[in-house]
Amino acid sequence: MRSTCCRCRFAMSCCAGSWRAVATSCARSYCFYSFMSSYVVRPDGKHICEWGLIAVNTALYAASVFRPVCFYITDENVFQGGPEPFAETCAAVSLLLGLLLYRTIRDFHISNKQETWLPILASIMILGGLVLDDFVGYIPQTVSFLTIAIVVSCAVYYDWLHLHFVREHEQVLLDGQRVQLALGRIKPHFLYNALGTIEALCYTDPQLAGLATNRFSEYLRGNMDAIDQVNAIPFIRELEHTKLYLEIEQLRFGASLTVRYDIACTDFAVPALTLELLAENAVRHGSSKNERGIGTVTIATREARDRYEISVTDDGPGFDTTRTQEGGEGHVGLRNVRERLLSVSGGSLEIDSTPGQGTTATIIIPKAR
Numbered sequence: 022m023r024s025t026c027c028r029c030r031f032a033m034s035c036c037a038g039s040w041r042a043v044a045t046s047c048a049r050s051y052c053f054y055s056f057m058s059s060y061v062v063r064p065d066g067k068h069i070c071e072w073g074l075i076a077v078n079t080a081l082y083a084a085s086v087f088r089p090v091c092f093y094i095t096d097e098n099v100f101q102g103g104p105e106p107f108a109e110t111c112a113a114v115s116l117l118l119g120l121l122l123y124r125t126i127r128d129f130h131i132s133n134k135q136e137t138w139l140p141i142l143a144s145i146m147i148l149g150g151l152v153l154d155d156f157v158g159y160i161p162q163t164v165s166f167l168t169i170a171i172v173v174s175c176a177v178y179y180d181w182l183h184l185h186f187v188r189e190h191e192q193v194l195l196d197g198q199r200v201q202l203a204l205g206r207i208k209p210h211f212l213y214n215a216l217g218t219i220e221a222l223c224y225t226d227p228q229l230a231g232l233a234t235n236r237f238s239e240y241l242r243g244n245m246d247a248i249d250q251v252n253a254i255p256f257i258r259e260l261e262h263t264k265l266y267l268e269i270e271q272l273r274f275g276a277s278l279t280v281r282y283d284i285a286c287t288d289f290a291v292p293a294l295t296l297e298l299l300a301e302n303a304v305r306h307g308s309s310k311n312e313r314g315i316g317t318v319t320i321a322t323r324e325a326r327d328r329y330e331i332s333v334t335d336d337g338p339g340f341d342t343t344r345t346q347e348g349g350e351g352h353v354g355l356r357n358v359r360e361r362l363l364s365v366s367g368g369s370l371e372i373d374s375t376p377g378q379g380t381t382a383t384i385i386i387p388k389a390r
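Just so we're aligned, residue 22 is where the sequence shown starts under the numbering used here, counting upward by one.
No wet-lab data here; the hints were simulated from the structure. Watch out, some of these pointers could steer you wrong.
Pair ranges (Cβ atoms, derived) [unchecked claim]:
no.	residue 1	residue 2	range
1	H190	M146	26 to 36 Å
2	P227	V187	57 to 67 Å
3	Y282	D180	48 to 58 Å
4	T234	R281	22 to 32 Å
5	A221	L182	51 to 61 Å
6	H190	S238	37 to 47 Å
7	A321	S277	20 to 30 Å
8	Y282	N252	21 to 31 Å
9	H183	Q378	50 to 60 Å
10	Q378	H190	46 to 56 Å
11	P387	H183	53 to 63 Å
C-beta atoms are modelled at their ideal positions from N, C-alpha and C, and glycine is treated no differently.
Put together the whole structure using the sequences plus the hints.
So, in structure tokens, the structure goes:
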């Protein structure tokens, strides 16, 4: 009777040991394939491959409880590897090295080299654990070298990932503060210039001053939201905003200011108040200072293969870009436009000016990839 009970307890112990081996392997494989798929293969994708590999691994180890596929428990209740442990190791090593090579080649030119070296170092640790377990053998210990290597690699990776997300969040906050500061510096220019135009008309033509006041109220009603808009807005909305400003300036200058539009495309977005500020500069520092007393401002858009371009051209006196871009209040607004284009849309601003021939300011908005 006692012998029968001992055999039962021994059998239960073997069965429990088998299922513990299955659970340990499944947990380890989950960490292993999670590391490969989330860091080495597709950091931003859906990990269908990961779950497929985990399912196959779980099925193989669960089948080993009944047949010695991956492991078996001896009569002395000792864990033994499967009939082909070396082949299993070679398959895992080949898969990891192949995926690692793919990731390294794909991200070779990234600026942050930590994103390349971190998976390499972690993979070396995992491969070292595999070699120690298969060639040195399982020494009397609770956890294998491979399990230790995978856990440490995942811990290091997730710690780095957390720091990476924290830095990105801080950068987003800084960009938002920079944009708000830039908008705050630009707002007085819009209000001051528009009110200055109306003030000048009050002395020369009160009737036109009333019309300008009406246009200015429309300008404020329809575009106050754009003033506080941090994200990009539809170009057509920014264009209407600019037209209102230019109408006010045309009321002031009369026939001395001509505005032309050559709009070939409008299906894109720009940071708020960027086009308006360029039009403002074209009028106040370009066309209004034309020696002939008559100036023209032209606003045009065009679509290229990989970007949209918005150009504002005046026929004013122009300037030497190599001498005036570095400082002066006249270029504070342009510097703010550049910063907002870069932080909001990934765009840029190019200035082409020749003394005596006029100036062209071009906004470049890259197409979404």
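Results for each hint:
At roughly 29 Å, the beta carbons of H190 and M146 sit within the given window of 26 to 36 Å. In this structure the hint that P227 and V187 lie 57 to 67 Å apart at CB holds, the actual value being about 59 Å. A hinted range of 48 to 58 Å holds for the C-beta pair Y282 and D180, which are about 55 Å apart. In this structure the supplied range 22 to 32 Å holds for T234 paired with R281, their Cβ-Cβ distance being about 26 Å.
For the hinted restraint 51 to 61 Å between A221 and L182, the CB-CB distance of approximately 59 Å keeps it satisfied. Range check, H190 to S238: Cβ separation about 40 Å, and the 37 to 47 Å hint holds. Taking the beta carbon of each, A321 and S277 are about 21 Å apart, inside 20 to 30 Å as hinted. Taking 21 to 31 Å as the suggested C-beta distance range, the pair Y282 and N252 conforms, at roughly 25 Å.
Take H183 and Q378: their Cβ atoms lie about 55 Å apart, and the range 50 to 60 Å holds. Separation of Q378 from H190 is about 47 Å and conforms to the stated range, judged on CB atoms against 46 to 56 Å. At about 30 Å, the beta-carbon gap between P387 and H183 misses the expected band of 53 to 63 Å.
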